[in-house]
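J.: Sequence:
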Amino acid sequence: MIYSNGDRYEGEWKNDLRHGKGKQYFKNGELYLGNWQNDKCEGTGQYFYSNSERFVGIFLNNLKHGEGLYTAPNGEEIKELWIHGQKESFGKYRKYRCR
Numbered sequence: 001m002i003y004s005n006g007d008r009y010e011g012e013w014k015n016d017l018r019h020g021k022g023k024q025y026f027k028n029g030e031l032y033l034g035n036w037q038n039d040k041c042e043g044t045g046q047y048f049y050s051n052s053e054r055f056v057g058i059f060l061n062n063l064k065h066g067e068g069l070y071t072a073p074n075g076e077e078i079k080e081l082w083i084h085g086q087k088e089s090f091g092k093y094r095k096y097r098c099r
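For the sequence shown, the UniProt record's numbering begins at 1 and goes up steadily by one.
Calculated directly from the structure, the hints in this document are not laboratory data. A portion of the hints provided could be inaccurate.
[To be verified] Calculated cross-link-like contacts (lysine-lysine; reagent style BS3-like; alpha-carbon spacing at most 25 Å):
#, residue 1, residue 2
1, K14, K27
2, K79, K40
3, K23, K40
4, K40, K27
5, K40, K14
6, K79, K23
7, K40, K21
8, K87, K40
What you are looking at is a predicted structure, and each value in this text was computed from that prediction instead of being measured.
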């Protein structure tokens, strides 16, 4: 499905609503990949920002909700806790790479 604003959805539908597994490509280059329920991001998902940031975690009613892992463009990982779209706490994790 391609929307009039240029966004695109690929995935499962139920009663003409996004429902199940799906991908939402946004015109600004961002991407949501994950679960949908009644046309909203719901459950586990990944959000990829156009600046190479990424969030992997739980969504509720289109908002981050619960524990998630934010990855910065430099590879630094930060564990976060979100409640209804508000960041409650976070802690830093280093990303170690084998050389």
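J.: Does each hint fit the structure? Answer for all of them.
T.: Tested hints:
As the CA atoms of K14 and K27 are separated by approximately 24 Å, the hinted pair is consistent with the 25 Å bound. A hinted pair counts as satisfied when its Cα atoms are at most 25 Å apart, and K79 with K40 qualifies at roughly 24 Å. Between K23 and K40 the CA atoms are separated by roughly 12 Å; this keeps the pair inside 25 Å, and the hint holds. The straight-line distance between the Cα atoms of K40 and K27 is roughly 18 Å, inside the 25 Å bound, and the hint therefore holds.
Restraint check: the Cα-Cα separation between K40 and K14 comes to about 12 Å, which is no more than 25 Å; the hinted pair holds. Proximity of K79 to K23 is assessed by CA-CA distance (about 24 Å); at most 25 Å being required, the pair is judged to hold. At most 25 Å may separate the alpha-carbon atoms for a hinted pair to count; K40 and K21 meet this at roughly 11 Å. Restraint check for K87 and K40: satisfied, since their Cα atoms lie roughly 20 Å apart, inside the 25 Å limit.
Consistency with the previously given hints is maintained throughout, with no hint failing.
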